[in-house]
Amino acid sequence: MTRVAGLLDFRRLDLLATGDSSLHRLDPRAKVIVTLVFIICAMSFDRYAVAPLIPFFVFPIAVIATARLPIAFLSRKVALVLPVALLIALPNPWFDREVLLQLAGLEFSGGWISLLSIMLRSLLAAAAAIALVAVTGFPAICAALGRMGMPRPLAVQLLFLYRYMTVLGEEAVRMTVAREQRGGGPLSIRLYGALVGRLLLRTWDRAERIYLAMCARGFTGDFGSGQPSRLGRPDIAYVAGWCGLFLLLRTQDVTQWLGAAVLGALR
Amino acid sequence: MHMADALLSPAVGGTMWAATAVAVAHCSRRLRIEADDRRVPLMGVLGAFLFTAQMINFSIPGTGSSGHLGGGLLLAILLGPHAAFLVVASVLIVQALFFADGGLLALGCNIFNLGFLPAFLGYPLYRRLAGREPGTARATTAAITAAVVSLQLGAVAVVLQTVASGISALPLGTFALFMLPVHLAIGIVEGLVTAAVVVFVRATRPDILPAATPSNRSVTGVAVSFAAVALALGGIGAWFASANPDGLEWSIARITGADDLDSPPTTLHARSAELQRRVAVLPDYGFRRDEGRDASPEGAPAASNLHRPGDRLGTSLAGVLGGAGALFLALLVGFVLRRKAQPT
Numbered sequence: 001m002t003r004v005a006g007l008l009d010f011r012r013l014d015l016l017a018t019g020d021s022s023l024h025r026l027d028p029r030a031k032v033i034v035t036l037v038f039i040i041c042a043m044s045f046d047r048y049a050v051a052p053l054i055p056f057f058v059f060p061i062a063v064i065a066t067a068r069l070p071i072a073f074l075s076r077k078v079a080l081v082l083p084v085a086l087l088i089a090l091p092n093p094w095f096d097r098e099v100l101l102q103l104a105g106l107e108f109s110g111g112w113i114s115l116l117s118i119m120l121r122s123l124l125a126a127a128a129a130i131a132l133v134a135v136t137g138f139p140a141i142c143a144a145l146g147r148m149g150m151p152r153p154l155a156v157q158l159l160f161l162y163r164y165m166t167v168l169g170e171e172a173v174r175m176t177v178a179r180e181q182r183g184g185g186p187l188s189i190r191l192y193g194a195l196v197g198r199l200l201l202r203t204w205d206r207a208e209r210i211y212l213a214m215c216a217r218g219f220t221g222d223f224g225s226g227q228p229s230r231l232g233r234p235d236i237a238y239v240a241g242w243c244g245l246f247l248l249l250r251t252q253d254v255t256q257w258l259g260a261a262v263l264g265a266l267r
Numbered sequence: 001m002h003m004a005d006a007l008l009s010p011a012v013g014g015t016m017w018a019a020t021a022v023a024v025a026h027c028s029r030r031l032r033i034e035a036d037d038r039r040v041p042l043m044g045v046l047g048a049f050l051f052t053a054q055m056i057n058f059s060i061p062g063t064g065s066s067g068h069l070g071g072g073l074l075l076a077i078l079l080g081p082h083a084a085f086l087v088v089a090s091v092l093i094v095q096a097l098f099f100a101d102g103g104l105l106a107l108g109c110n111i112f113n114l115g116f117l118p119a120f121l122g123y124p125l126y127r128r129l130a131g132r133e134p135g136t137a138r139a140t141t142a143a144i145t146a147a148v149v150s151l152q153l154g155a156v157a158v159v160l161q162t163v164a165s166g167i168s169a170l171p172l173g174t175f176a177l178f179m180l181p182v183h184l185a186i187g188i189v190e191g192l193v194t195a196a197v198v199v200f201v202r203a204t205r206p207d208i209l210p211a212a213t214p215s216n217r218s219v220t221g222v223a224v225s226f227a228a229v230a231l232a233l234g235g236i237g238a239w240f241a242s243a244n245p246d247g248l249e250w251s252i253a254r255i256t257g258a259d260d261l262d263s264p265p266t267t268l269h270a271r272s273a274e275l276q277r278r279v280a281v282l283p284d285y286g287f288r289r290d291e292g293r294d295a296s297p298e299g300a301p302a303a304s305n306l307h308r309p310g311d312r313l314g315t316s317l318a319g320v321l322g323g324a325g326a327l328f329l330a331l332l333v334g335f336v337l338r339r340k341a342q343p344t
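Line order of the protein sequences matches chains G and S. At position 196 of the first sequence (counting the first as 1) the number is 196 in our numbering, and the numbers step up by one without a gap. At position 243 of the second sequence (counting the first as 1) the number is 243 in our numbering, and the numbers step up by one without a gap.
Keep in mind the hints are simulated off the structure, nothing from the lab. Computed from a predicted structure; not experimentally measured. By construction, the Cβ of each residue, glycine as well, lies at the ideal position given by its N, Cα and C atoms. Among the clues, some could well be false.
If you anchor each label on the Cβ, the simulated ranges turn out as follows [as the list claims (entries may be wrong)]:
no., chain 1, residue 1, chain 2, residue 2, range
1, S, Lys340, G, Leu248, 42 to 52 Å
2, G, Asp20, S, Phe328, 27 to 37 Å
3, G, Arg230, S, Thr204, 46 to 56 Å
4, G, Pro186, S, Thr204, 33 to 43 Å
5, S, Val182, G, Ser229, 42 to 52 Å
6, G, Arg76, S, Thr204, 53 to 63 Å
7, S, Leu129, G, Pro186, 44 to 54 Å
8, S, Ala35, G, Glu98, 34 to 44 Å
9, S, Leu172, G, Pro186, 35 to 45 Å
10, S, Phe335, G, Leu87, 27 to 37 Å
11, S, Thr204, G, Cys243, 52 to 62 Å
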């Protein structure tokens, strides 16, 4: 039941967005744009890039620090991607055996280097997404995407999904626990059909009740989007600053400068 | 079968984002025209249902392992393809944001592979095979066929997207030989599970299953046209991916109008290159790139340099030191910001 733990994590991550910091107060659109530019820049390196990826960690680290987010919890969330990343990267050392790097007498093949690169990419992508949710909150992200052109039906759909996920999740947990207490055992497909089918019917009835309740409150097929905020000076500065840094890190070999400077200082 | 950011190049990811955006826009317009208010909460809650159903694992017969529902086909049977597509898209967006499943760049790929293919290619097939009032055997056969077709196409899409991106070293043939049989098995199970739920619902509450979509033919037409668009876009994306391994540098060159990033005439670049030369005690750091794919301007000198063995250790040492230094600086920035952010 790892997914139950996932549900608890979901709640905790969701609550982080209720915090208050200079980052929480920025326009959600600014945060979405910066995150997307970050991911595009970091993911556009070639497959053997390792060192140039490292400076990109400054972004999630800075966000987590500035917004006073719980470091241990978020690190654990981000580290959850590592097993999957390892799985998808593991064939690389097998297929790419050419030695590309010699260090302290050890030889590293291209495959191992690209494996390391994939691990770093996974960490960066996951950290960026989770940091975005933690400082922005899901409804605000939906609103931002809506104002950036996402069609209303999908925005409404996302908000509904977000609101009922935990409700139905708890229902599923209750059903599973009840079944386990009555004997449990592996769930055959036929039984699964009945169990999930039952859940589906309950869901369907719930949707009907929600619809009637919403009609009673004047629902017209759309949520109100609240007061539209405008991009202020801090928002523009945030976008320009980070995007400028990402482009610099992408186009200039900053780690090389740094390494050379350190070596130079050592001599 | 979630595609991951780490395996994806921005060229391929962006192409699939574009294809998915077209599909989302079309489905949204379609739902607006139909203007069925009752369906708005239904879709939302069914998205939550799909999420929840994926928490419940069933045992896969004869293997001892367990699996969970994909759900694209089931939702299409319950809601019709347009609404199902949006529901699956919303579930994948939540998974990418909250659980880092897949990722934001890979979102387009995942929505296409797991949402579009089952809803617009698998579902029409199911409709055709199942007919109006299918019995258990017929519904099961139809669901298995539709699920297998969707998942095989999805697996092919994952393989093509991965290989076109060029981050993974897996050769096309090997990857396909691994993915297709695995997803054949997953497809059969997905079909069985989908049929089990549909049969249960039909037996208990037949009223909630739509009898048959009235616009059967148009769905197929839409599916074919979308697939054609996506294939064309994918082809263009793949071509760019191979001709310009570095999508971003390519687009920067397009934006700035400079076709040679190595020696741009701007003073900033010249100065930074000069600075680089001066501070670089051990110049020409860089992992070798494969010449054929990656003939970017600055790749060439680095590659030729590798033939001089003396430079190798030096360049990699600078790289490692630089990487460690960058990580240290990043952590330092975090530490300072944290101190500053502490309420006093």
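Evaluated hints:
no. : hint                            : verdict
1   : Lys340/S x Leu248/G: 42 to 52 Å : 23 Å, violated
2   : Asp20/G x Phe328/S: 27 to 37 Å  : 30 Å, holds
3   : Arg230/G x Thr204/S: 46 to 56 Å : 52 Å, holds
4   : Pro186/G x Thr204/S: 33 to 43 Å : 24 Å, violated
5   : Val182/S x Ser229/G: 42 to 52 Å : 47 Å, holds
6   : Arg76/G x Thr204/S: 53 to 63 Å  : 42 Å, violated
7   : Leu129/S x Pro186/G: 44 to 54 Å : 30 Å, violated
8   : Ala35/S x Glu98/G: 34 to 44 Å   : 60 Å, violated
9   : Leu172/S x Pro186/G: 35 to 45 Å : 37 Å, holds
10  : Phe335/S x Leu87/G: 27 to 37 Å  : 33 Å, holds
11  : Thr204/S x Cys243/G: 52 to 62 Å : 54 Å, holds
Hint compliance for this structure: hints 1, 4, 6, 7 and 8 are not met, and every other hint is.
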